[in-house]
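Chemist: If you want the building blocks of each chain, they are given just below.
Number of protein chains: 2
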Amino acid sequence: MKIVKPTLVVDLVKAEQNIVRMLNKFRERSIEFRPHFKTHQSLGVAELYRKNGVTKCTVSSVGMAKYFADGGWKDICIAFPANILEAKEINSLAKIVKLYIIIDSIEKVSLFSAKISANISLFIEIDTGYFRSGILYDKIHEIRKIINEITRYATFTFSGFLSHTGDTYTVNEPKNVLSVFENARRKMVFLKEAFIHDSPEIIISMGDTPSASLSDNFDGIDEIRPGNFIFYDVMQYVLGSCTKDQIAVAVYCPVVASYTERNQLVIYGGAVHLSKEKIVWKDKEIYGFIAIPDESGFGKIVTGAYLTSLSQEHGIVSFEKGLLEDIKLGDLLAVIPIHSCLTVDLYNEMIGLDKKSYTKYRTF
Amino acid sequence: MKIVKPTLVVDLVKAEQNIVRMLNKFRERSIEFRPHFKTHQSLGVAELYRKNGVTKCTVSSVGMAKYFADGGWKDICIAFPANILEAKEINSLAKIVKLYIIIDSIEKVSLFSAKISANISLFIEIDTGYFRSGILYDKIHEIRKIINEITRYATFTFSGFLSHTGDTYTVNEPKNVLSVFENARRKMVFLKEAFIHDSPEIIISMGDTPSASLSDNFDGIDEIRPGNFIFYDVMQYVLGSCTKDQIAVAVYCPVVASYTERNQLVIYGGAVHLSKEKIVWKDKEIYGFIAIPDESGFGKIVTGAYLTSLSQEHGIVSFEKGLLEDIKLGDLLAVIPIHSCLTVDLYNEMIGLDKKSYTKYRTF
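Sequence lines, in order, name chains A and B. Residue numbers for the first sequence, in the working numbering: 2 to 365. Residue numbers for the second sequence, in the working numbering: 2 to 365.
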C-alpha cells in the first residue's frame, strides 16, 4: 500500500478491541448499546459492530441515517434536534427503518405532526446542564405538555428521555467527568421516575465517550450512545478516557521540508486534513501527537514531538532537539488527531489496517 | 431553490467585484496576477477569473493542480513544498501544462532531478520571517548553491523567488500588515538584485490577501498570488482587508431549536460545515458572523449576533436581547465564516447566487 499524500488510517484491531471492551461493559449491566456512527461514518467500519452483535445505531444527520439505512441498518436514532425542513426525508426514512428523532418543544411536535405520516418514535431531548439543546430537566410542567402533545398523534410513539452530557468534555480530569455525569444521570432518573407511571415503556438514553469510558455507575440508564471511543483521540487521552495505545486512528502525512536548525519538520497535512481542533498540552497549544509508522501500524507516540501549527495544507511538527533526527524528506509521520470525529469527517475514504492486510473503506 | 440543510452559498456579484478590484490594482502596476484557487477550488468559480482575462493560477496540492489542468488551466503554480512522493504525478502534469513547483534545498532539487523528465519550472521558496517553509532570505551562500544545482538539469528552469507572507495574518491591524509586508518585500527585492545578473529571467512572486488588499507599494514584485480576497471572511474583515459588504460567502443553516430565555438559537451547522476556525471579537471567541438571508442574498450582517459555539453538527447563535426575535424553527440564517478557505473545503458543491439566478458549482 503506497501512501503519497495525507491519508486516514484506522487500526482495525484496536478499534474492535475498543468496541468489545465497551460492549461488554454495557452487556454486563443489561444496558442497550446504540453507538454513535458519526465518528466513523462508514458502513465498512460499522461491520465491526455488526459482527459483535450490535444492531442499533445513532447518527447525527438525516443524510447519515439514509446512508446507514441503505446499508442495512434498521434501527436508527438521529440524535440531533429534528430539522423541520427535512420532514419529507425523515418521513421517507421512517417508512423503511425504525426511526427515532428528538424534539424538545410542543411547537416542534405540532410542526412534525403535519408532515409525518409514517410511524416514528420521539425522544424528548433533556438538557442536564450542557446548555446546547434540549429542554431543561426541571421544566416538568412543560415536559408533561410535550408528552401530551406527542400522544395526540397515533403515528407518534413517545420513547422517553435522551440527553448528551457534552459537558464532560469541558472538564479536565476524570473525577470531574464522573461528577458531571453522575449529576446528569440523577436528573434523568428523576425524570423517568416522574413519568414512568403514565408511560411505562419509556427509556433513558444517554451517552458520551468520557463518561461511558470512565464511569461505573449507570443505574437507571436503559440505553447508551457513545461514539468516539471506537477510535479515541488526543482529547480523550488528555481527559483520561483512554490510553495512548487504545487510539485507533491517525493521518499519515508525508514530510515535505526539514528545518533542523529550529527543530521543526513541515508535513503535507494541514487544517483540511486534520481539522483546526486544538488542545493545550504541557502549556502549549497542539494540533496532534506524532508517531512514526512502520509495517505493523502507527508505531508508538513520540514523547516530545507535537504538531504545533496548521495552515490549510501545511503542518509544522516541533520536536525536542535530538528527536526525529533520522526523518527524511518523503518519510511518513502518523499524526494522532485531537478530535477523531472531525478529522474522519474530512475524508471520503480511510485505510483499515490489521495485522494481515489493508482494506479501503468508503465513508458517508 | 430550496435549502434544507447547511449549504455553501457564494454571492457571484460580490465575488466578481472583488476580482475586478484586485485585478485592476495589479494591472495598473503591470504585475502578473496568479490568484490562488485553494479558496474556491471550483472550475465554475474560476470562470469569473477567466472571463476577466486571468490565465494563470496557484494551487496548494498536486490533486488540485490536476483538477484545474483537466479543466483547461494551462499555467499552474503548486505553491506548496514539493512532495517527492508525488513526483510521478508532478511529472505527468508537467507534460501537459506549464508547471511551477517550489523547493528550498539542494537535496530536494536532487531528489526531483531523478524523477522528473518533463520540463518544469522551479521557484526557490524564501522565508521572509513567517518561519513556516522556505529557506531564510539571508542564506545567500546556500541559495546560490541551490540555483547552481537547478541549472545542472536541462529540464529544470530556475524561475525566481517565491514567498508567502503569512505573518500578515498574525497581526491585528492594517498598519502592522503593511510593515510586515514591506519588510518582506524589501528582502525579496534584495534577493532578486543579488541574483538577476546571473539569471536575468527570474521573477519575484509574493502574495497574501491582507497585504494585497491593504498595501500600495509592490515595487519590484513581478507576480502576485492572493486567493482569499475573492470571498473574504470575518478574519479579513477583522484585519481590515475588506468591508462587511465585500464578503461574498456564507453558509445557510436551518434553525432547529430556540432558547429565548438564554438568547440563543441552535442551528444545523457545526464544525463539519464551517471548520473550527475561531477569532476573538469584542473579547469573545466567535465562529462566525450572522446575517438573515432573503431572496436577494445574505442580507446585512447583524450586529450583536454571533456564532459562539460549535459541535460536530450543532452551532449555537447567541444574540443580544431583542435581536433575532422573529426567527422561527425552519428559518435559515447565513453564517459568515471566520476563514472562508477552510469552510469552502468542507463542501463538494456550492450555490452561486446572482441577481437573476442560482447556479450549482462543483468543487475539487
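Honestly, the hints are just simulated from the structure, not real lab data. Here the structure is a predicted model, which is why all the values come from computation and not from measurement. Mixed in with the good hints, there may be bad ones.
Under the rule of at most 27 Å between Cα atoms (straight-line distance), these lysine-lysine pairs were calculated in the DSS-like manner [what the hints assert, rightly or not]:
#	chain 1	residue 1	chain 2	residue 2
1	A	K116	B	K3
2	B	K89	A	K329
3	B	K329	A	K146
4	B	K3	A	K96
5	A	K6	B	K99
6	A	K322	A	K245
7	A	K75	B	K6
8	B	K89	A	K89
9	B	K6	A	K99
10	B	K245	A	K57
11	B	K301	B	K283
12	B	K245	A	K277
13	B	K89	A	K277
14	A	K176	A	K188
15	A	K89	A	K146
16	B	K6	A	K116
17	A	K6	B	K75
18	A	K283	B	K285
19	B	K245	A	K285
20	B	K99	A	K89
21	B	K285	A	K285
22	B	K245	B	K283
Chemist: Now tell me, hint by hint, if it's right for this structure.
Modeler: Verification of the hints:
Restraint check for K116 of chain A and K3 of chain B: satisfied, since their Cα atoms lie roughly 17 Å apart, inside the 27 Å limit. Restraint check: the Cα-Cα separation between K89 of chain B and K329 of chain A comes to about 19 Å, which is no more than 27 Å; the hinted pair holds. Our distance criterion of 27 Å between C-alpha atoms is met by K329 of chain B and K146 of chain A, whose separation comes to about 20 Å. A hinted pair counts as satisfied when its Cα atoms are at most 27 Å apart, and K3 of chain B with K96 of chain A qualifies at roughly 23 Å.
Proximity of K6 of chain A to K99 of chain B is assessed by CA-CA distance (about 23 Å); at most 27 Å being required, the pair is judged to hold. Between K322 of chain A and K245 of chain A the alpha-carbon distance is near 23 Å, which keeps this suggested pair within the 27 Å criterion. For the suggested pair K75 of chain A and K6 of chain B, the alpha carbons sit about 23 Å apart, so the restraint of at most 27 Å is met. The suggested pairing of K89 of chain B with K89 of chain A is violated, with an alpha-carbon distance near 48 Å, which exceeds 27 Å.
Between K6 of chain B and K99 of chain A the alpha-carbon distance is near 23 Å, which keeps this suggested pair within the 27 Å criterion. Among the hinted pairs, K245 of chain B with K57 of chain A is inconsistent with the structure: their alpha-carbon atoms are about 46 Å apart, more than 27 Å. In summary, the hint linking K301 of chain B to K283 of chain B is supported, as the alpha carbons are separated by about 19 Å, within the 27 Å threshold. Taking the CA atoms of K245 of chain B and K277 of chain A, the gap is about 24 Å. The hint holds against a cut of 27 Å.
In summary, the hint linking K89 of chain B to K277 of chain A is not supported, as the alpha carbons are separated by about 30 Å, beyond the 27 Å threshold. For the hint linking K176 of chain A to K188 of chain A, the alpha-carbon distance of about 19 Å falls within 27 Å, and the restraint holds. Our distance criterion of 27 Å between C-alpha atoms is met by K89 of chain A and K146 of chain A, whose separation comes to about 25 Å. In summary, the hint linking K6 of chain B to K116 of chain A is supported, as the alpha carbons are separated by about 17 Å, within the 27 Å threshold.
Of the pairs offered as hints, the one joining K6 of chain A and K75 of chain B holds, with about 23 Å between alpha carbons and a cut-off of 27 Å not exceeded. For the suggested pair K283 of chain A and K285 of chain B, the alpha carbons sit about 24 Å apart, so the restraint of at most 27 Å is met. A C-alpha spacing of about 33 Å is found between K245 of chain B and K285 of chain A, which places the hinted pair above 27 Å, so the restraint is violated. Distance check on the hinted pair: K99 of chain B and K89 of chain A sit about 50 Å apart at the alpha-carbon level, beyond 27 Å; violated.
Under the criterion of a C-alpha separation no larger than 27 Å, the hint pairing K285 of chain B with K285 of chain A is consistent with the structure, at around 21 Å. This hinted pair checks out: K245 of chain B and K283 of chain B have alpha carbons roughly 16 Å apart, not beyond 27 Å.
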